[in-house]
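Residue-level listing of the chains:
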Amino acid sequence: DAKTTQPPSMDCAEGRAANLPCNHSTISGNEYVYWYRQIHSQGPQYIIHGLKNNETNEMASLIITEDRKSSTLILPHATLRDTAVYYCIVRPASGNTPLVFGKGTRLSVIA
Amino acid sequence: DTGVSQNPRHKITKRGQNVTFRCDPISEHNRLYWYRQTLGQGPEFLTYFQNEAQLEKSRLLSDRFSAERPKGSFSTLEIQRTEQGDSAMYLCASSLSTGKAYGYTFGSGTRLTVV
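Residue numbers (my numbering), protein chains in the order written: chain U, 867 to 977; chain W, 817 to 931.
Be aware that one or more of the hints could be misleading.
What the hints assert, rightly or not - Only pairs whose alpha carbons sit at most 30 Å apart, straight line, appear in this in silico BS3-like list of lysine-lysine:
| id | chain 1 | residue 1 | chain 2 | residue 2 |
| --- | --- | --- | --- | --- |
| 1 | W | 830 | U | 869 |
| 2 | U | 969 | U | 918 |
| 3 | U | 869 | U | 935 |
| 4 | W | 873 | W | 827 |
| 5 | W | 887 | W | 827 |
| 6 | W | 830 | W | 873 |
| 7 | W | 827 | U | 969 |
| 8 | U | 869 | U | 918 |
| 9 | U | 969 | W | 873 |
The hints are simulated quantities; they were obtained by calculation from the structure and are not laboratory data.
Could you build the full structure based on these sequences and the hints that come with them?
Structure (structure tokens):
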């Protein structure tokens with residue numbers, strides 16, 4: 867079962883930052899936070915992951931609260947191509963447990 | 817590296833027929849996963865392999881479903897005696913098992929419609 871809670875949908879204006887929240891209040895010390903997204907009719911795409919420090923890559927930034935009970939994925943300048951379902955997933959660092967997806971957040975970027 | 821390849825992209829079959837899907841993972845990835853996704857839901861885990869060994873199967877994988885990865889490279893997922901409830905997108909993903917916190921690379925999926 868998914869161990870995260872996300873809002874079902876969000877809108878964002880094109881060019882603005884999209885901030886997608888995720889609650890994972892039962893996260894364990896050895897669990898990573900992963901973010902994936904799924905554009906219509908495609909397979910999910912890896913975005914970013916982190917343990918406790920904030921992370922940034924060419925796609926997004928991941929901000930994890932100090933108590934690790936929640937996180938925010940930030941797309942700094944959303945474009946229409948960022949319209950997708952975004953999944954927040956927690957997974958043990960061992961990597962031996964398959965990813966468990968919830969329903970995610972459907973982000974609509976509006977022109 | 818051409819990513820994860822799945823064939824066919826679409827399959828329409830009559831109820832009761834058998835179907836087989838193929839997944840070609842990224843060549844250096846030793847883990848391969850199968851997921852199923854229905855409309856409005858996130859992908860649901862079915863099974864995964866490390867090399868040729870099937871390490872875990874979900875309770876969703878009924879006896880009508882069987883997956884193989886005979887030489888630790890490509891994998892097949894077969895559904896016997898298909899039912900309308902089997903209509904879904906079947907996704908394959910691959911990853912490495914060494915190192916920490918490796919992400920999955922997914923294919924574009926095979927959409928199955930059972931009529």
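Status of the hints after comparison with the structure:
Only pairs whose Cα atoms come within 30 Å are accepted, and residue 830 of chain W paired with residue 869 of chain U is rejected, the gap being roughly 37 Å. About 24 Å separates the Cα atoms of residue 969 of chain U and residue 918 of chain U, which keeps this hinted pair within 30 Å; it holds. With a C-alpha separation of about 11 Å, the suggested pairing of residue 869 of chain U with residue 935 of chain U holds against the 30 Å cut-off. With a C-alpha separation of about 24 Å, the suggested pair residue 873 of chain W and residue 827 of chain W falls inside the 30 Å cut-off, and the hint holds.
For the proposed pair residue 887 of chain W and residue 827 of chain W, the alpha carbon gap of about 25 Å is at most 30 Å, so the pair holds. For the suggested pair residue 830 of chain W and residue 873 of chain W, the alpha carbons sit about 26 Å apart, so the restraint of at most 30 Å is met. A hinted pair counts as satisfied when its Cα atoms are at most 30 Å apart, and residue 827 of chain W with residue 969 of chain U qualifies at roughly 25 Å. Note on residue 869 of chain U and residue 918 of chain U: the hinted pairing holds, with a Cα-Cα distance of about 17 Å set against a maximum of 30 Å.
Simply put, residue 969 of chain U and residue 873 of chain W have alpha-carbon atoms about 21 Å apart, close enough for the 30 Å limit, and the pair holds.
Comparing the model with each earlier hint shows a violation of hint 1 alone; every other hint is respected.
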